[in-house]
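Undergrad: Given these sequences and hints, build the entire structure.
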Amino acid sequence: DQQVKQNSPSLSVQEGRISILNCDYTNSMFDYFLWYKKYPAEGPTFLISISSIKDKNEDGRFTVFLNKSAKHLSLHIVPSQPGDSAVYFCAARDDGSGNTGKLIFGQGTTLQVKP
Amino acid sequence: DGGITQSPKYLFRKEGQNVTLSCEQNLNHDAMYWYRQDPGQGLRLIYYSQIVNDFQKGDIAEGYSVSREKKESFPLTVTSAQKNPTAFYLCASSINWGAYSNQPQHFGDGTRLSIL
Chain A
1 DQQVKQNSPS
11 LSVQEGRISI
21 LNCDYTNSMF
31 DYFLWYKKYP
41 AEGPTFLISI
51 SSIKDKNEDG
61 RFTVFLNKSA
71 KHLSLHIVPS
81 QPGDSAVYFC
91 AARDDGSGNT
101 GKLIFGQGTT
111 LQVKP
Chain B
1001 DGGITQSPKY
1011 LFRKEGQNVT
1021 LSCEQNLNHD
1031 AMYWYRQDPG
1041 QGLRLIYYSQ
1051 IVNDFQKGDI
1061 AEGYSVSREK
1071 KESFPLTVTS
1081 AQKNPTAFYL
1091 CASSINWGAY
1101 SNQPQHFGDG
1111 TRLSIL
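Protein sequence lines correspond, in order, to chains A and B.
Under my numbering, the first residue of the first sequence is numbered 1, with each subsequent residue one higher.
Under my numbering, the first residue of the second sequence is numbered 1001, with each subsequent residue one higher.
For the record, the hints were derived by calculation from the structure and aren't laboratory data.
Computed from a prediction, not measured in an experiment: that's the story for all the values here.
You can take every hint at face value.
Derived Cβ-Cβ restraints for the label pairs, each shown as a range:
1) 1067/B x 78/A: 44 to 54 Å
2) 1081/B x 16/A: 43 to 53 Å
3) 1027/B x 57/A: 21 to 31 Å
4) 18/A x 1096/B: 30 to 40 Å
Backbone N, C-alpha and C fix where the C-beta goes; we use that ideal spot for every residue, glycine too.
TA: Following this line, the structure appears as structure tokens:
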């Protein structure tokens, strides 16, 4: 049972435009959400996170929005750059996991930013 | 330079053989984690350790073993009992653990394990 879902396997946008990556989750016990970026043959790099007590967090070109009632979060990248082309994973921490800090990852979305 | 070092980058295993993947961090992080990534899938947790000399099974621990004798080291052994070991293995660490510490996990660059 996939608790964190990224329903779009891929996304293609033009350089300079906005990229919106989406993530849905099913477990209301998730209390902390993260986005990671991954290049081929490398480990994921932490991008941005948001606590469940907030609905928005911004860091430069990256903004994460959280809609708890819809159990949905999104990552906005504005403006998109060719170097943003990578696989993006969303992850959620399970507050009901016995204080382990365990993360549940989505399947990933491959973003391609065209020059 | 602080970071997480995984070695080797590529590893080949023969049938019936145990292999050990190395993970070392110099970030002074308490918690360390092992994940497995298969094509088209997210990362799945194999084992994690919140403190030295302690570790717990993750979601897919069968066929794997770990040790945490030192804070900076968390090696993963893929045993012959793991029937489908071909995957990309990622090690991560975080400054502390638990539901009340909003600190991200940081990852190494991974080890790709293949079967000969």
